[in-house]
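Below, each chain spelled out in residue letters.
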Amino acid sequence: MRTRNVVVAGVGGQGVILFAAALANAALMSDLDASVSEIHGMAQRGGSVISHVRIGERIHSPTIPEGGADVIIGLEPLEALRSLPFSNERTLALLNTRRIVPIAALLRGPKYPELEEILGILKRFCGSVLAIDAPELAKRCGSARAENMVMLGALAGLGILPIPIESFERGIGETVPRGSLERNLEAFKLGVEFARAQKV
Amino acid sequence: MGNPRVLIDGKPGSKHLLLGNEAIARGLIEGGVSVATTYPGTPASEIVDSLAAVAEEAGIYVEYSTNEKVALEVAAGASLSGLRSSTSMKMVGLNVAADALMTLGYLGVRGGMVIITADDPNCYSSQNEQDNRYYALMANIPCLEPSNPQEAKDMLLDAYRISEELELPVLYRSVTRLSHSRRPVVFGEIARPRRAEFSRDYERFVMVPANARARHVALLEKMEAAKGISDSYPRNEELGDGELGIITSGNAFNYVMDAIEKIEADASVLKLGIVHPLPEGTILGFLGEHSPVLIIEELEPLLEMRIRALANENSIGTKILGKRELSLPRHGELSIKQVALAITRALGRDPGGLRFENPALSRLDLEIPARPPVLCPGCPHRASFYAIRASGIRDAIFITDIGCYALGSLPPLSVGDVLMCMGASAGLSAGVSKATGKPVVGIVGDSTFFHASIPALINAVYNRHRYIYVVLDNMTTAMTNFQPHPGSGLDSLGRPAKRILIEEVSRGCGVEFVKVIDPFDFESAVGALREALAFDGPSVLVFRRECAILKARKAEGRGPPLSIDRSKCTGCLLCINRFGCPAITLGEGGKPSIDAMLCNGCGFCALICPQGAIGGSADED
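Here the protein sequences line up with chains A and B, keeping their order.
Numbering of the first sequence is given in our numbering, commencing with residue 1 and proceeding in unit increments.
Numbering of the second sequence is given in our numbering, commencing with residue 1 and proceeding in unit increments.
In case anyone wonders, no lab produced these hints; they're calculated from the structure.
Quick caveat, the model's predicted, so the values are computed rather than measured.
Any given hint could be a false lead.
[Claimed, not checked] In silico DSS-like cross-links for lysine-lysine, where the CA-CA straight-line distance does not exceed 25 Å:
id	chain 1	residue 1	chain 2	residue 2
1	B	K591	A	K111
2	A	K139	B	K554
3	B	K323	B	K337
4	B	K434	B	K515
5	B	K554	B	K498
6	A	K189	A	K139
[To be verified] Simulated DEER-style distance windows between Cβ atoms:
id	chain 1	residue 1	chain 2	residue 2	range
7	B	G590	A	R90	36 to 46 Å
8	B	L354	A	A197	34 to 44 Å
9	A	G179	B	A212	52 to 62 Å
10	A	A197	B	E367	31 to 41 Å
11	A	A197	B	V516	53 to 63 Å
Ideal Cβ positions, reconstructed from N, Cα and C, are used throughout, including at glycine.
Using the sequences provided together with the hints, build the complete structure.
The structure is reproduced here in structure tokens:
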């Protein structure tokens, strides 16, 4: 089996690490090897966060090579853009449309691009793009903050990784605190349904 | 690992997704560690954090020490007394502990001791990217370098065995990409802890000069004998087959394997599990059988320098290609791409045929706004910095320190003209104020104050320096995941402990102007700063307010989000241009608006809004 590479990009506090750990646990539940490389500490704190998830039979490098992403998960539009060096013409970009504008873009320097412009760029460089208003969906299960699980559900629902939905659900169970499991699974399911209703 | 109990409940043979640092923690448990110490620092923190969660049940003594030197000494004391111990730290922490480290090898240990250093190539969370394998050479102690979480667990057992065989501490080197990688890890059996027994040995343990001279010779002899251990170490592995040879170790090995696969090269890889002392016989044999031999390692050419010397001593003419010939940098982290290009060139192939980046990317003509890390919404440090700026101290030079508050050096707060290393603010401030005669404000966090500021503060009093020392006390070690410290009133396992107050320590150091202020009491904060400026001598201002994240985790949670009354707001943008909370963004019509998902409800922006336009509950837009 070919190693699958998933870049998860977002903003510190959005649940990038939880997303990546749940995805890796899902792979383990399907008896695959998985690797997550993440960044803690100074590099979080509302800054850009990128996590590399690799799934396959035997993983070596913790990081994904440039141009090597099968999927880019953009938990935030600008961060999806920032991870374009990992894209190739077959990459699927899954985008949460909630924008978090960095202070730096308010004060000086380049401005935050319009969402339409970001989508246009992603479509130019990637094989396919699916945009989701994840917090809006997540609100249906009571917490907009579960947007990361909506995104994971969308990834699972598209069926592009060799991991069945049940493994995803068990992977989430291994990853999130027990008290929030039900809410997270509900958000996940909303994501699955959303993706299944789409044509990518 | 959702539940930390997996570390003690997981059965031998079971498989779990673990962070590299959690795998190290399990390795320590399997190795029968009795005493595990640390000072928190990214990327090492989760080793002891995850041990602390199960320490009581596992019967392990766990300690967040005041700094890395103390941590190393506490662990060394336990090992001298026959117990297996560990101390773990980020790489710069070993500089703090270096004084103890350089002599510990002379004393040696009795119970196995592992010193874990987590290096940070590419400075993801650090002020430098030093390569701590140098310390193994300088202290002349064995150094092991695992390459993935499974090895990081398994090789700890080897480290303890080698440590006890040689009666030396073993340096155990991780890097960010190992410590913060999650991989499946298969558990092994848990060893029984050793029994403590201290027996005197004057010649060995008391490093007066006469004993030290003899113990240095003893250390050199031990490390000569260690070459045999190194040569027979089964984790020095040869993989693959080819005329071309590659010697590598640690995380660099992973890139080598992926690069070879990507470019379909025939190569033989010698992966070293032990990097000091070198397995000389193994390396000489490898050099004799391959040509050329590439040496691929992250950061410094530490294997390369010694392997070249070894080849030279043994008159081996094999072509050795290292950092310079392969154009591999001494900075940053390696990548599959860099290593693939290096091997391609060494094979005499055309690197132009290698494809990595999306070729279309060269046509992307958009400058992507940067998103540096920022102080969190509700962070009390932001209020402190805002008060420092508002106090109008002219010409002030700001000397900041290591912690979340280093982020205050970024616009719009811009409080931070110098930042160097843990606790350096207290000493640097003295030098800058002495040299310039200008007002100097030193800034330090609570945990950093206890870690390394106190001797410099005493120095400031004793040597009549004049500066304002602002201690930002958020009652936790926030940057590294909220570990307790001496001023938090909690011990390492979160139980109540004697609380050591920064103001009392400061007075005890002889500081005559000491005040404690809540930074959300804006008027008092500004007033205290102005008073301190007029004081002739060092002054300490403790700005105390609990970390917003820590507070939000507790029962009281976060406050309801605020909103901006657009009819009152004049669009002066002070809240964005001067205060800079990430929850305040630019809304329609050039007026600010509050992102309810980000707002922590702290209310400080409402306090400083000149129009009184901020308050109430969630914003409509």
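Outcome of the hint check:
{"no.": "1", "hint": "B:K591 with A:K111", "result": "16 Å, holds"}
{"no.": "2", "hint": "A:K139 with B:K554", "result": "23 Å, holds"}
{"no.": "3", "hint": "B:K323 with B:K337", "result": "15 Å, holds"}
{"no.": "4", "hint": "B:K434 with B:K515", "result": "23 Å, holds"}
{"no.": "5", "hint": "B:K554 with B:K498", "result": "21 Å, holds"}
{"no.": "6", "hint": "A:K189 with A:K139", "result": "13 Å, holds"}
{"no.": "7", "hint": "B:G590 with A:R90: 36 to 46 Å", "result": "42 Å, holds"}
{"no.": "8", "hint": "B:L354 with A:A197: 34 to 44 Å", "result": "40 Å, holds"}
{"no.": "9", "hint": "A:G179 with B:A212: 52 to 62 Å", "result": "57 Å, holds"}
{"no.": "10", "hint": "A:A197 with B:E367: 31 to 41 Å", "result": "36 Å, holds"}
{"no.": "11", "hint": "A:A197 with B:V516: 53 to 63 Å", "result": "58 Å, holds"}
Going down the numbered hints, you'll see the structure goes against none, and every one checks out.
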